[in-house]
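Chains as they are written, first to last, in the numbering used here: chain A, 1 to 270; chain B, 1 to 270.
Certain hints may be false.
Which copy is meant is left open, because identical chains are indistinguishable; a pair holds if it fits in one copy or across any two.
Dumping the calculated SDA-like pairs for lysine to any residue here, alpha-carbon to alpha-carbon at most 20 Å [said to hold, decoys possible]:
#1 K75 - R113
#2 K176 - C153
#3 K163 - C153
#4 K131 - S151
#5 K176 - S151
#6 K28 - L108
#7 K28 - A50
#8 K28 - S101
#9 K131 - P150
#10 K28 - Q104
#11 K45 - P30
#12 K131 - Q215
#13 K131 - E112
#14 K163 - D175
#15 K176 - P150
#16 K28 - G100
#17 K220 - F232
#18 K131 - C153
I should point out that these hints are in silico values taken from the structure, not numbers from a laboratory.
Number of protein chains: 2
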Amino acid sequence: MTFLEKLNNIWKKNDSMVCVGLDPDLTKLPECLKSLEFPIFEFNKQIIDATHDLVCAYKPQSAYYAGQNADDQLKMTVDYIRENYPEIPVILDVKRGDIGSTAQMYALEAFERYQADSVTLNPYMGVDTLKPFLDHTDRGVIILCRTSNPSSCELQELVCDGKTVFEHVAVLARDKWNYNNNVLLVIGATFPEELGSIRRLCPEMPFLVPGVGAQGGDVKKVLENGTTADGFGLIINSSRGIIYADSTENFAQASREATMKLRNTINENK
Amino acid sequence: MTFLEKLNNIWKKNDSMVCVGLDPDLTKLPECLKSLEFPIFEFNKQIIDATHDLVCAYKPQSAYYAGQNADDQLKMTVDYIRENYPEIPVILDVKRGDIGSTAQMYALEAFERYQADSVTLNPYMGVDTLKPFLDHTDRGVIILCRTSNPSSCELQELVCDGKTVFEHVAVLARDKWNYNNNVLLVIGATFPEELGSIRRLCPEMPFLVPGVGAQGGDVKKVLENGTTADGFGLIINSSRGIIYADSTENFAQASREATMKLRNTINENK
Chain A
1 MTFLEKLNNI
11 WKKNDSMVCV
21 GLDPDLTKLP
31 ECLKSLEFPI
41 FEFNKQIIDA
51 THDLVCAYKP
61 QSAYYAGQNA
71 DDQLKMTVDY
81 IRENYPEIPV
91 ILDVKRGDIG
101 STAQMYALEA
111 FERYQADSVT
121 LNPYMGVDTL
131 KPFLDHTDRG
141 VIILCRTSNP
151 SSCELQELVC
161 DGKTVFEHVA
171 VLARDKWNYN
181 NNVLLVIGAT
191 FPEELGSIRR
201 LCPEMPFLVP
211 GVGAQGGDVK
221 KVLENGTTAD
231 GFGLIINSSR
241 GIIYADSTEN
251 FAQASREATM
261 KLRNTINENK
Chain B
1 MTFLEKLNNI
11 WKKNDSMVCV
21 GLDPDLTKLP
31 ECLKSLEFPI
41 FEFNKQIIDA
51 THDLVCAYKP
61 QSAYYAGQNA
71 DDQLKMTVDY
81 IRENYPEIPV
91 ILDVKRGDIG
101 STAQMYALEA
111 FERYQADSVT
121 LNPYMGVDTL
131 KPFLDHTDRG
141 VIILCRTSNP
151 SSCELQELVC
161 DGKTVFEHVA
171 VLARDKWNYN
181 NNVLLVIGAT
191 FPEELGSIRR
201 LCPEMPFLVP
211 GVGAQGGDVK
221 KVLENGTTAD
231 GFGLIINSSR
241 GIIYADSTEN
251 FAQASREATM
261 KLRNTINENK
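Same shape as in the complex, but just chain A (with noise of 0.2 Å):
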């Protein structure tokens, strides 16, 4: 099965186009788990036990785990969610982005070591730095186009030859990149008319939208420019707001409630 028709199925089993980011930081852990052996991966564990029924994905923050030298609690976190509930696709967020020999490492990673279904990955070097993974037709490349921080306005947003670098990311994903028909598109959700107009350059490519929760992104705003003809369309994700939804040892339930609200706002307002 294709990591699309794995998306297809998931919105529509689990009603959902919530995506828990599972970006967990040492510092900001519950005190009842900090003195485990692998905590990184016991609240993941925990969060995913908690919110499967819930969701359409699950995104792991690769930096969260490079980070706090906590590959192996990666690695544990992805092999629990494809042994206890395969129906979920993972999301590998890495945006990696580098020469076609060097590429094919960072595909391997991805896709061997981590056995991830879906990559994020940056367009800056173009195709030939994104075909080792567009060549895995199964899995999902999801590339960055409009991103949800500020400081994307600095190259997104230049105006060449009357379209701004994103709508020139979103036309060369549709026409050129999508030859294996297992490109998605990043959209931040702090940019809810740009998420409208990059809906109609490629209105049937599924989108990631990070930036509701923490980062301030309007989820109604999201759904009216960004839902496709059958009210799907969007990996919606939010990691700050679900996983530290509580601090102490009733995180998980929480993040439960948390995803359920987030839920229930997005299918509310479709």
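Could you slot chain B onto chain A? The hints should help.
Okay, now just chain B, sitting in the frame of chain A:
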């Protein structure tokens, strides 16, 4: 000592602008190393010992370690350089780029976990994704500008307000991002004329220049277009041309000869 001071010192001490890219592919290592417990580290170590008086930097490419489950051997490699050849700066080639809170974690990875002197970054998301690195005033921040690969044209050559996207990156790097005087740019050797145009925009900024050797860049043209007023200003990287100069047990001596040859070619054409 800052990264730039360290770089200025070693350029002159070793009279060399050669950077050796440590991109070890397990399938290409000499047979004599393949049965060792840490074949990648041993390969790197012997190359480092054979070339340390001929180089201005070492640049391990993160993907080769991440893709081959060898993070520990990356750490051993950087530690080995720091302990034995502390005058030689280490550039960790990771090309990261992510929102501020995530970039903080990637900065931990590069500067604390691996204790690199310098790191490569992707500019697509703008300054708030660079800041956690820039704020390490003693470290170097090497930002992708005009990359060496064929498809770098797709986005980097788009023209906005009379300047290409890569020229916008150079101007942003010069005028906005370099507030701690620790920014460098990546300019591929495969585009020597564009290297010249960026040198005119940024007369004093050091450039990391990949793409000589296996990728076909012309050393003479790189020097004509890229050196600064003092005859230095470049970190000219070769990876495959040096580390795979010989596939037998003589690989280290061969890497020395290839490094010396590149250094001499550079110095004869300065």
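Results for each hint:
no.	hint	in the structure
1	K75 - R113	both (8 Å within a copy, 19 Å between copies)
2	K176 - C153	between (24 Å within a copy, 14 Å between copies)
3	K163 - C153	both (14 Å within a copy, 16 Å between copies)
4	K131 - S151	between (28 Å within a copy, 11 Å between copies)
5	K176 - S151	between (27 Å within a copy, 12 Å between copies)
6	K28 - L108	between (31 Å within a copy, 16 Å between copies)
7	K28 - A50	within (19 Å within a copy, 45 Å between copies)
8	K28 - S101	between (38 Å within a copy, 13 Å between copies)
9	K131 - P150	between (29 Å within a copy, 13 Å between copies)
10	K28 - Q104	between (34 Å within a copy, 14 Å between copies)
11	K45 - P30	within (14 Å within a copy, 42 Å between copies)
12	K131 - Q215	between (31 Å within a copy, 18 Å between copies)
13	K131 - E112	within (16 Å within a copy, 32 Å between copies)
14	K163 - D175	within (15 Å within a copy, 25 Å between copies)
15	K176 - P150	between (28 Å within a copy, 15 Å between copies)
16	K28 - G100	between (37 Å within a copy, 17 Å between copies)
17	K220 - F232	within (14 Å within a copy, 55 Å between copies)
18	K131 - C153	between (26 Å within a copy, 15 Å between copies)
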